[in-house]
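> Chain by chain, the residues:
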Amino acid sequence: MTSATDHEPARPRKILFYRHSIAVRLTHWLNVLCLSFLLMSGLQIFNAHPDLYWGQYGADADHSFISIGAVSDGDTIKGITRVGSISIPTTGVLGASTVGGELTPRAFPSWITIPGYQDLATGRRWHFFFAWFFVINGFVYLLYGLIAGHFRRDIVPARDQLTPQHLAHEIGEHARLRFPKGEEARRYNSLQKLTYMAVIFILLPLMVLTGLTMSPGFNAIFPWLLDVFGGRQSARTIHFITASLLVAFVVVHLAMVLVSGVWNNLRSMITGYYGLTVETGKETVK
Amino acid sequence: MKLELTRRRFLIGSSVAATGLLTGCDALVENAGVNDILQKAEALTMGSQRLLQAHAPLAREFTEADLSPTFKANGTQMPDSEDYARLMEGNFADWRLVVNGMVRTPLSLSLADLKAMPSRTQITRHDCVEGWSAIGKWTGVPLGLVLQKAGLAPGARYAVFYCADEYEKSLDGSGQYYESIDLIDAFHPQTILSYSMNGKDLEVAHGAPLRLRVERQLGYKHAKYLMRIELVDSFRGLWGGKGGFWEDRGYEWYAGI
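Top to bottom, those sequences are chains A and B.
Numbering-wise, the first sequence is residues 1 to 286 according to our numbering.
Numbering-wise, the second sequence is residues 1 to 257 according to our numbering.
These are computed hints drawn from the structure, not numbers from a lab.
Note that CB positions come from ideal geometry on N, CA and C, so glycine has one too.
Take these hints with a grain of salt, some might be off.
Unchecked claim - With the C-beta cut set under 7 Å, the calculated list includes, among others, these residues of chain A facing chain B: (1) A48; (2) P89; (3) G92; (4) A220; (5) P223.
Work out the full structure: start from the sequences and follow the hints.
Written as structure tokens, this is what we have:
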């Protein structure tokens, strides 16, 4: 299928190459499952006290700098989201949304929380189960990434990808939604690599550490985590902000999957094989 | 072509499955089998925290400067019973803490008895399961000393705390607030029976005359309005059988997370 004869003129041809190992594909999809349930159960937990503080303590009488609540408005209610001193009306989505046809005070709407109704105990049960699942899956991935050379080979940008000219060129190409073709498409582009690094090595570990910092049992074991994050309530706030950044990452990630060849991308993350067009005679197949 | 179709069918199939998963979440939530699996994580959490707490570390203690300006009162703020009203009227002079069950010597201790015992003062953070925290200063007698005074009978595994308040009105008494901890927490140095908060007698809203402080666990474990401590080998026969008011309503018995 891939042998080329020297006398043939070079012409483009499609090949499939093995891009994602089974370990990467499996941990990727398990991570999708875990993060989806963690997000939805996390918002259920947030709804039990939809105010965020900074420092060691924080409750009703203390100053919160992010708050999602409902206020009465005549004979109805309206949802208000407040960040610092800025209040934004968010009726219908945040603060007040319909449950069974009726506008109800709820920080995050029913369709995005698990369970759909208000039930902190169940939300916690789902959250902690999938937190364990996520941590174990994450460890398997990190171990694989280090031992099998996945990080070095696929995730850390190559030296030529980090030159200012190359980065400037890539930013320009991304802005036009043009993506590498041919041989260059065999590896992730540098913006992609840097983003994945930020998610793998910063955002996801931050979720775990800030989560653990909210546990009073864990505080007794590693009290220094309280100092790292500035207190339990700060850790809770960072947990929320980091989760929001992960949601933003997923939105961009999905958009990139869509615009850079949705079927090819999906096939590669399911079967491992990514298709690309190369000049005959030049391709190397693994 | 054939491969293409199969793949497409597979993808369509999985997106349908994904939508089904989201709208079917509440069905999953109510599935007993799913719940049993999810609950296994609690044993994992408790097991790993207990393993890492083998050296019995203390919860962080803060300074006076860290105290919450307002300590939020939560749960029952005023027990609604004639017995409690009478005790409160008498400034809790007639109140007694009963310690019984699997003990060698059952006790009946007045507030003065408890105050005459060695005390511990600690400034700690109180974490509600809802997500908020407040820092307060607590003084009380270490539970371990009271249990030593009573003497544990062989086989005692848990201390059950019976409270004066009925948090949920019920005909059968199932709304009575109660809690339980095991002996590891019961003998932890910061586990105290507190009669004073922020340098003053414990207020009614915070559990007067006596409440449990079990630092390293969430707020609902810190039972207020204590009336009786019973040593048991199992709490299976009590109300919902899960060892506490909130535990009977789906919350974790081990509330270290």
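> Would the stated hint for A220(A) survive a check requiring a Cβ distance to chain B of less than 7 Å?
holds (4 Å)
> Taking 7 Å as the limit, does the beta-carbon of G92(A) come near enough to a beta-carbon in chain B?
G92(A) check fails; min Cβ-Cβ to chain B is 20 Å, beyond 7 Å.
> Verify the interface restraint on A48(A): the C-beta must sit less than 7 Å from at least one C-beta of chain B.
Where the cut-off is 7 Å and the nearest Cβ of chain B is about 4 Å from A48(A), the hint holds.
> Is the shortest C-beta separation between P223(A) and chain B less than 7 Å?
holds (5 Å)
> Hold the hint about P89(A) up to the distance rule: shortest CB distance to chain B must be less than 7 Å.
violated (24 Å)
Of the numbered hints stated above, those contradicted by the structure are hints 2, 3, listed in ascending order.
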